[in-house]
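Asker: Going left to right, the sequence shown walks through residues 1 to 278 as UniProt numbering numbers them.
You may find that some hints are simply not true.
Straight line, CA to CA, 16 Å or less: simulated EDC-like cross-link-like pairs of lysine to aspartate or glutamate [claimed, not checked]:
1) Lys246 x Asp15
2) Lys246 x Glu81
3) Lys194 x Asp254
4) Lys27 x Asp4
5) Lys27 x Asp236
6) Lys167 x Glu133
7) Lys189 x Asp173
8) Lys194 x Glu181
9) Lys199 x Glu186
10) Lys176 x Asp107
11) Lys246 x Asp64
12) Lys167 x Glu218
13) Lys189 x Glu204
14) Lys189 x Glu208
15) Lys27 x Glu218
16) Lys246 x Asp107
17) Lys194 x Glu204
18) Lys189 x Asp236
19) Lys27 x Glu7
20) Lys98 x Asp4
21) Lys167 x Glu81
22) Lys176 x Glu93
23) Lys246 x Glu17
24) Lys176 x Glu186
Because the hints were derived from the structure by calculation, they are not lab data.
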Amino acid sequence: MMSDLPEILRQFRVDVERAEHLLNFIKRFREFGGSAAPAQVAEAHLPWPEAMVLLEESRNRRTDLPVLSGSLVLYLAGRFEYFVRQVIQSAAEDIASKVASYVALPDSIRNELRVRTLEVAQQPRRYGFDEAEAAALLESLVNNQRGAVAPLTINAEVLSITESNMKDRVIADLMKRVGMESFWSEIGKQAQVKLHLEKQNDRETTAEVQNRLNAIMEERNQIAHPTAATQFPDPDQVLNSAALLKVLSTVMVDVLLVYLGGFRAPLPAPAAAAVAAV
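Work out the full structure: start from the sequences and follow the hints.
Answerer: Right, dumping it as structure tokens:
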């Protein structure tokens, strides 16, 4: 079965590039506000009232343009969070497709499915589910534990539940839910990340990409709850964030595809009688 991860990545990159186009438009609009109209237009020899109105507005709004840039930080951070959740769900489904039964799933996935499903069952609305959906999740979990479902299907959406922004520790925790214990150390080894950050050492690369990701999420929180002292970013700052998220998302999928490609279902434990006979 082909993984959905490449398509999830493609859609994410398309949306990030849409934000990049808007950020470049903001830059051009700011430059337009600092320009002078050609004499023929300014003196009305060549009437173009729409251009003159736009020029006047761009001059009056130049200092407010960072607010627009800041709104795109919210978009990028939110879209990245959704991307990570999709990635976790897809990875879990890929693993489930490779095992014959629920008990053959890695312990990390079975434990998290149980814990997260029970959390949803107790407080469904907190996690965006209604009562019927929560009941269906519980029923599915029970049927899986009994081995009553064939072929195996899991409710992977519960594995991506988190109430925090996608800082490095949150992503590390989500990756552990699908069995990846050393996600960030693997990211630090990737040539694409090193080239983007201009680093050579694996640990330095890991620390730098984590710091930059956390800074994006901190900025997202500040913009989402602005005060009179909030500093909104200029387009170039947000473009840098977009570039980092594109690189990080790409290597994230690459690392997961390698992990999934090497995944093998654990062998079933020998029956007690067979063990005794030995």
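Asker: Work down the list of hints and note, for each, if the structure agrees.
Answerer: Tested hints:
1. Lys246 x Asp15: At roughly 10 Å apart (the allowed maximum being 16 Å), Asp15 and Lys246 satisfy the hint.
2. Lys246 x Glu81: Holds, at about 13 Å.
3. Lys194 x Asp254: holds, 15 Å
4. Lys27 x Asp4: violated, 35 Å
5. Lys27 x Asp236: holds, 8 Å
6. Lys167 x Glu133: With a Cα-Cα distance of about 29 Å, the restraint between Lys167 and Glu133 is violated, given a limit of 16 Å.
7. Lys189 x Asp173: Violated, because 19 Å separates the two Cα atoms, which is more than 16 Å.
8. Lys194 x Glu181: violated, 21 Å
9. Lys199 x Glu186: Answer holds: Lys199 to Glu186 is near 15 Å, not above 16 Å.
10. Lys176 x Asp107: holds, 11 Å
11. Lys246 x Asp64: violated, 27 Å
12. Lys167 x Glu218: At roughly 9 Å apart (the allowed maximum being 16 Å), Glu218 and Lys167 satisfy the hint.
13. Lys189 x Glu204: Answer holds: Lys189 to Glu204 is near 10 Å, not above 16 Å.
14. Lys189 x Glu208: Measuring from Cα to Cα gives roughly 12 Å; hence the hint holds.
15. Lys27 x Glu218: violated, 24 Å
16. Lys246 x Asp107: violated, 31 Å
17. Lys194 x Glu204: Within the cut-off at roughly 9 Å; holds.
18. Lys189 x Asp236: violated, 27 Å
19. Lys27 x Glu7: At roughly 30 Å apart (the allowed maximum being 16 Å), Glu7 and Lys27 break the hint.
20. Lys98 x Asp4: holds, 15 Å
21. Lys167 x Glu81: Roughly 9 Å between the alpha carbons, so the hint for Lys167 and Glu81 holds.
22. Lys176 x Glu93: holds, 15 Å
23. Lys246 x Glu17: holds, 9 Å
24. Lys176 x Glu186: Measuring from Cα to Cα gives roughly 13 Å; hence the hint holds.
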